[in-house]
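Undergrad: Here are the chains, one letter per residue:
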Amino acid sequence: MPRETIELPYEVERLTILGEDGEVDEELVPDLDDDTLLRFHRTMLLARRFDERLLKLQRQGRIGTFAPVSGQEAAQIGSAACLEEADWMVPSFRETAAALWRGTPASALVLYAAGYNEGAAIPEDAHDFPIAIPVASQIPHAVGLAYGSKYRDAGEVVLVYFGDGATSEGDFHEALNFAGTYGTPNVFLCQNNHWAISVPRETQTAAKTLAQKGLAYGIPGIQVDGNDVLAVYAATREAVERARSGEGATLVECVTYRLSVHTTADDPSKYRDEEEVEEWKKRDPITRLQTYLESRDLLSEEDVDDLEEEIAGEVEKAWEEAEKRMEELGDPADMFDHHYAETPPHLEAQRERWTDG
Amino acid sequence: MPRETIELPYEVERLTILGEDGEVDEELVPDLDDDTLLRFHRTMLLARRFDERLLKLQRQGRIGTFAPVSGQEAAQIGSAACLEEADWMVPSFRETAAALWRGTPASALVLYAAGYNEGAAIPEDAHDFPIAIPVASQIPHAVGLAYGSKYRDAGEVVLVYFGDGATSEGDFHEALNFAGTYGTPNVFLCQNNHWAISVPRETQTAAKTLAQKGLAYGIPGIQVDGNDVLAVYAATREAVERARSGEGATLVECVTYRLSVHTTADDPSKYRDEEEVEEWKKRDPITRLQTYLESRDLLSEEDVDDLEEEIAGEVEKAWEEAEKRMEELGDPADMFDHHYAETPPHLEAQRERWTDG
Amino acid sequence: MAELTTVEALNLALRQEMERDDSVLVLGEDVGVDGGIFRVTEGLIDAYGEERVIDTPVAEAAIVGASVGMAAYGLKPVCEMQFSGFSYFAMHQIESHAARLRWRSRGRFGVPMVIRMPYGAGVKALEHHSESKEVYFAHTPGLKVVIPSGPRNARALLVSAIRDPDPVVFMEPKLIYRAFREEVPDDEETIPLGESRTVRDGDDLTMVAYGAMLHRTLEAAEALAEEDGVEAEVIDLLTVSPLDDSRFTESARRTGRVVVVHEAHRTFGPAGEIVARLVEKSFYYLEAPVERVTAPDVIVPFFAREQDYMPDVDRIVAGARRALEA
Amino acid sequence: MAELTTVEALNLALRQEMERDDSVLVLGEDVGVDGGIFRVTEGLIDAYGEERVIDTPVAEAAIVGASVGMAAYGLKPVCEMQFSGFSYFAMHQIESHAARLRWRSRGRFGVPMVIRMPYGAGVKALEHHSESKEVYFAHTPGLKVVIPSGPRNARALLVSAIRDPDPVVFMEPKLIYRAFREEVPDDEETIPLGESRTVRDGDDLTMVAYGAMLHRTLEAAEALAEEDGVEAEVIDLLTVSPLDDSRFTESARRTGRVVVVHEAHRTFGPAGEIVARLVEKSFYYLEAPVERVTAPDVIVPFFAREQDYMPDVDRIVAGARRALEA
Ligand SMILES: Cc1ncc(C[n+]2csc(CCOP(=O)(O)OP(=O)(O)O)c2C)c(N)n1
Ligand SMILES: Cc1ncc(C[n+]2csc(CCOP(=O)(O)OP(=O)(O)O)c2C)c(N)n1
Ligand SMILES: [Mg+2]
Ligand SMILES: [Mg+2]
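Protein chains in written order, with my numbering: chain C, 1 to 357; chain R, 358 to 714; chain W, 715 to 1040; chain A, 1041 to 1366.
Excised from the complex, chain C in its bound form:
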């Protein structure tokens, strides 16, 4: 009777498959065909180059604030790749790589960064949510979507992205708890990139891992090397399968790193050492995958050069398309659009008056 330990059905594992040197644990390598692996690589590289280009555009004052993805490409591609088209992707504000994987045109992302609402437009059939800026606030939406999928027996899984900082918000907690209670088909994908703007992971929470927070909701948690696209894929795949088969939600913590600024309004030299960044550059997820693909003769130096050129063209085209769209979007009165299915009279009146000056 007296003081006894309660058996908790809980364990947090850490998964790495592709080592920092490009070596793999053959037993754990997920079953992926060569094409898919090459697509991983291509989209990761595209995201990186696109990021670099946006940074330049921002520095030139041609677009506004944006949140670079550099360093987190594996965490995003490895996870997004586990989704079917009909599955749902709910991003926070740094999911450029995942969005590109899901087919969001790069030009839309430019448009968004240039301050045009149309950049957030979601195509009619897409099962992607628009960017959510308030930290963690998108997580409950993912639970609602998943509830919908379950209610309609649609078999769709909902994957939601958020950061280490997001795990401190009440919305994270309430949403994961709902998912635990209702057994919704969710994958909670935390990109622990070590920083929430200037606040390091250790200040964010005293928990040893973020994955272990799943215990609070009776859902499994797993920690993954987030710069290892194979491990991210394998872990997310498991989670997606759990969800799809009706076994409920999983929390996946991808341990990764934000190689760049928080946003272009941020100056990391204020709060972190360049050495730390250098350390993490050595674990660059793209290099790591590239080494692996080269070792498997799936990619040559030449291929990479060709790819770089192709991607440069794609990025350039995205900018040109965005520029063109900006010109087309000439009428500022479009700020009155889309508030309601039908614009109510007072708003119509305001638009008219506004247009008259």
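Source of the hints: derived by calculation from the structure; they are not laboratory data. Small disclaimer: the values here were computed from a predicted structure and weren't measured. Check before you lean on any hint, since a few could be wrong.
Stated by the list, open to error - Cross-link-like lysine-lysine pairs, in silico, BS3-like; alpha carbons within 27 Å at most:
| # | chain 1 | residue 1 | chain 2 | residue 2 |
| --- | --- | --- | --- | --- |
| 1 | W | K995 | A | K1321 |
| 2 | C | K56 | C | K208 |
| 3 | R | K627 | R | K638 |
| 4 | C | K56 | C | K317 |
| 5 | C | K324 | A | K1164 |
| 6 | R | K638 | R | K565 |
| 7 | R | K413 | R | K681 |
| 8 | R | K565 | R | K627 |
| 9 | R | K627 | R | K639 |
| 10 | C | K208 | C | K270 |
| 11 | C | K282 | C | K56 |
| 12 | C | K270 | C | K281 |
| 13 | A | K1321 | C | K56 |
| 14 | C | K208 | R | K565 |
| 15 | R | K639 | R | K565 |
| 16 | W | K995 | R | K674 |
| 17 | R | K627 | R | K413 |
| 18 | C | K270 | A | K1164 |
| 19 | R | K681 | W | K838 |
| 20 | C | K282 | C | K270 |
| 21 | C | K317 | A | K1164 |
| 22 | R | K413 | W | K838 |
| 23 | R | K627 | W | K995 |
Add chains R, W and A with the ligands to chain C, keeping to what the hints say.
TA: Chains R, W and A with the ligands alone, transformed into the frame defined by chain C:
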């Protein structure tokens, strides 16, 4: 490298000392003198009788809605008794027993239930917070108070009460996470009374225990038989000592039961079986302690009769005092008081105009 | 046709809409097995099961946030904040998502959800249980705010709110939950959102009210007729946002004198907007300052004082007389 | 005396108050090592250590809630919401506790805290970073709401807010953070909360503004003087709640014509209350409808449209002319 289990410094224990039959685990019995044990019993009984009286008053329409404490007396007295006077007590809305232990006049509690703001008045030096109705919202305050104590090196510990339902709110999460990060001297005392109005504990969260939620914040959690005043005392005492010695916060889950209605506006027959209540009546914390005290010859049947009479008088007096206070509080314009340290002109003007009709 | 209380009428609306459309779901604290602490959702779980009538953990932000996701999925969640005083826990989900997702996604994801919440004072409830902060919602673009004033319009408005393609904050005056009954037709009835109604005709004075205050205002109007021989026109807003100013500004042009009544706090309260509209649209017809009869700028006191806090018939009559005599 | 930006002036206020009183603490996201994302708290952590300058997890409700506890303990927390658009996450702590604890405890626990938040549009920020929902706070009894309009008054008002025994929502217009410099005395300076000021004298028209809009209003006033020969009196509210109506109602009695300018949404916005006060206190002197020049009732658009969203000098001038010509 590959898939390995992460060592988590975590274990949840369950503590019972005084069994349902009044037997004790002698090794674990906390060091408490006879007087203190008798005070436990007296205050628990007072809380019960006071509850019963309030229920009658409410049914007679002489007071408004209130939240009965019946069944949770051990959880409250066992924990509140661990505090020094200078320690802080932050209640939710059901802490009648704890409040009485801390010296809140029963008449103030009546006044509160009768709809008078003055019933929530806190004496100038008391380190007690007023009743907080929004579920879980008082928990962050406890962390702020504890931060103050730590900052001032005051050695004061802050104990905050909340229910099982409260663990679902974002405020619970954010507050415990803060406490983990800053190592504040907090005791988070959850009274898991199995119900949040009509929602059972199992719907509230899929977690096996509430105690295990501490893991999410890197703080220890323990589950206690909440109808066992000795176990509650022992566990809370440990938590208070941890806090006082600078080792940080603890989450204590007291497993207890709400024997009565949620509030007087509630009808439990809508959602729970009378059998369940009957089962729990057998584990009544007062009976349990009484049996133990009788077995130790600290209390006789006669003593209890005397006590009952004394308490009946005390409860009667509380009502009389409250009635008198209600008459004194004749001026409804007091609703303009206490909004600011100094009432601003517009509010003075409103008061005047209001008084003029 | 049955004589129903507002609670019963709301229940009828939910029941019929759930029957009609399996995308309508109800969720919130105690809305299932318990039937809602005011019994508005009574019996729904028996009829439609726990998948459609969802008892939730105590977590307002998740209730609203999950509803946003459900709505985007194509369902029509009707979620409940147990009291409007707890809706602030979900303010960020309401302001930043429910109200914005259609706009943000450029029309891709409409948010056809209803956030029901009992509001207002007068039923001897505890602290936070008597709030009237409709301004928080009415000042938030992307939302609609509806406040019925009796069983029949409560039912018809709730049906409209559920069918509305946009998020509607539906505030139910607790004071009229059971105060009186009205004939409510069994057959479907709707009232378009965004339209006020004239409840009493008159040419001497315009009185604007909504929710529970409508009834006190009507009583005041009767008293004025009897005691002062003044015929007041009484307008019931029904929808607070978008605000239909056509009736009250037209009426003011006839009467020249206006009283606005609400139980929300005075300062930066709803009446301010109504006065501003009157000034914008009927200025040259106003013969006297518009009178605001409102709760003062104090926190709703514990219930021993709540009737003093709320505008009562005497105060409304006094306000009307000031408007008439100025 | 130094020429400071508003950011520097606010920093000076914090620094001097922390120096003077060790009960003053600063907490929020990125306020420590980073010095605040706008640099308002720059250097404080070096001077006062991480016990007093606290980098918090991303958790607005806990930031405000913990501050309430600290304030009750006897400290004076100055907490930051990184942008006012994220303060809704803490709305329940603000409304239900910061604003109420003194009242609830009948004076036992004052809540001497400041909630700083950058607000308003105009700096090309992301969604949610350009909000002006001051009405949420101004309509909440128990709070004070202060909005400075330049470096010197920002500093003096922040000092007053910190010393105030009650919770103050201190909204900092981002647009003026670095837009211009002003002489700010090294020595202590305070401005009493709850007092507006007259920034420009005139007898033809009254213009009421605050925050960043003050400057556009002043420009409009100059344009009117030059182009129309109209002398406008311009009043800067400084404190939005409690609202000092003495100056603008007095001015209106002289000029008979009033324009109110704000970048908050129009409907149920701050101007409504100002119009209501004018009607209550200066009705018989008003010669024309009060003009409201405000943002429309649309969600603040992404930044390509934000200058179209905010009132600009032309629109203010146009509003003034309507008021003058009516
Ligand atoms: C509710 C809310 N509070 C504050 C902010 C400002 N903010 C933007 S990102 C961020 C840190 C987020 O950190 P994390 O979740 O780790 O994501 P990361 O930026 O690292 O991808 C903060 C505080 C916000 N966007 N939303
Ligand atoms: C934020 C908030 N939401 C809803 C309510 C209504 N309500 C009052 S008590 C309660 C259930 C609380 O359950 P629990 O935390 O287990 O405490 P118990 O009542 O069992 O003591 C609810 C939902 C509230 N008071 N505050
Ligand atoms: Mg991060
Ligand atoms: Mg409970």
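Undergrad: Let me make sure I understand: some of the numbered hints might not hold for this structure. Which ones are they, in numerical order?
TA: 2, 13, 16, 23
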